[in-house]
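**Q** Each chain, letter by letter, is given below.
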Amino acid sequence: GNSVTQMEGPVTLSEEAFLTINCTYTATGYPSLFWYVQYPGEGLQLLLKATKADDKGSNKGFEATYRKETTSFHLEKGSVQVSDSAVYFCALGSYGNNRLAFGKGNQVVVIP
Amino acid sequence: DTGVSQDPRHKITKRGQNVTFRCDPISEHNRLYWYRQTLGQGPEFLTYFQNEAQLEKSRLLSDRFSAERPKGSFSTLEIQRTEQGDSAMYLCASSLLGGGRSGEKLFFGSGTQLSVL
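From first to last, the protein sequence lines stand for chains B and Z. Each residue of the first sequence is one higher than the one before, counting from 1 in the numbering used here. Each residue of the second sequence is one higher than the one before, counting from 1 in the numbering used here.
Check the hints yourself; a few may be wrong.
[Stated by the list, open to error] From chain B, some residues computed to sit far from chain Z (all C-beta separations above 12 Å): (1) Q6; (2) T12; (3) L13; (4) E15; (5) N22; (6) D54; (7) S58; (8) T65; (9) K68; (10) G78; (11) V82; (12) R99; (13) L100; (14) K104; (15) V110.
[To be verified] When the alpha-carbon atoms are kept at most 20 Å apart in a straight line, the in silico PhoX-like pairs for lysine-lysine are as follows: (16) Z/K71 to B/K56; (17) Z/K105 to B/K52; (18) B/K56 to B/K68; (19) Z/K71 to Z/K57; (20) B/K77 to B/K56; (21) B/K60 to B/K77; (22) B/K52 to B/K68; (23) Z/K105 to B/K60.
These are calculated hints, taken from the structure and not from any lab test. Ideal placement from N, C-alpha and C gives every residue a C-beta, glycine not left out.
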């Protein structure tokens, strides 16, 4: 079945540092891939998505590229801000399957 | 901005009691989803509706759980005879049915945090 694996543990980094959160997936067919973000006290919201291989999703300075050869969708941001502190979830959805499969999430804490 | 709203935000109950949660989706959205999230885990799919029809249920949804969306607008999730293992955040999401291709965007509510004592 479909599944998503995110790197273990929270991520703590200083403001303006480079952020990478790893995400790999297992899926049949050609899934769509997503990053959702959950800010403190708020609901999950879509950060970016990619619907086919080699697509790059981007939003708010974040980017992720759909790599079919490595089954990955790593999230990156070149210079984080304190306001980027949140929990980030990688997710997968596939055609004809109405559920999203989420990873466990990564807590990101950005220190001034 | 009328996003997805869930009520209540928090619910504390004793084991064996019944609880009901409500979700009001974005008004023009015809798909509504329920997910469950436990501490340190990502959301897990429970069930989904297209308009008033419940089209899919996860094996996580035991017989004690029932969801309805009677008029294709708001939805309720009821848990009967609650157990401590039911303690979790229950998330509702809605979306607008696209053209049948995957990749539709879900809009999530803030969730109902259930604690079963």
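**Q** Of the numbered hints stated previously, which ones are contradicted by the structure, given in increasing order?
**A** Of the numbered hints given earlier, those the structure breaks are 1, 12, 13, 14 and 16, listed in rising order.
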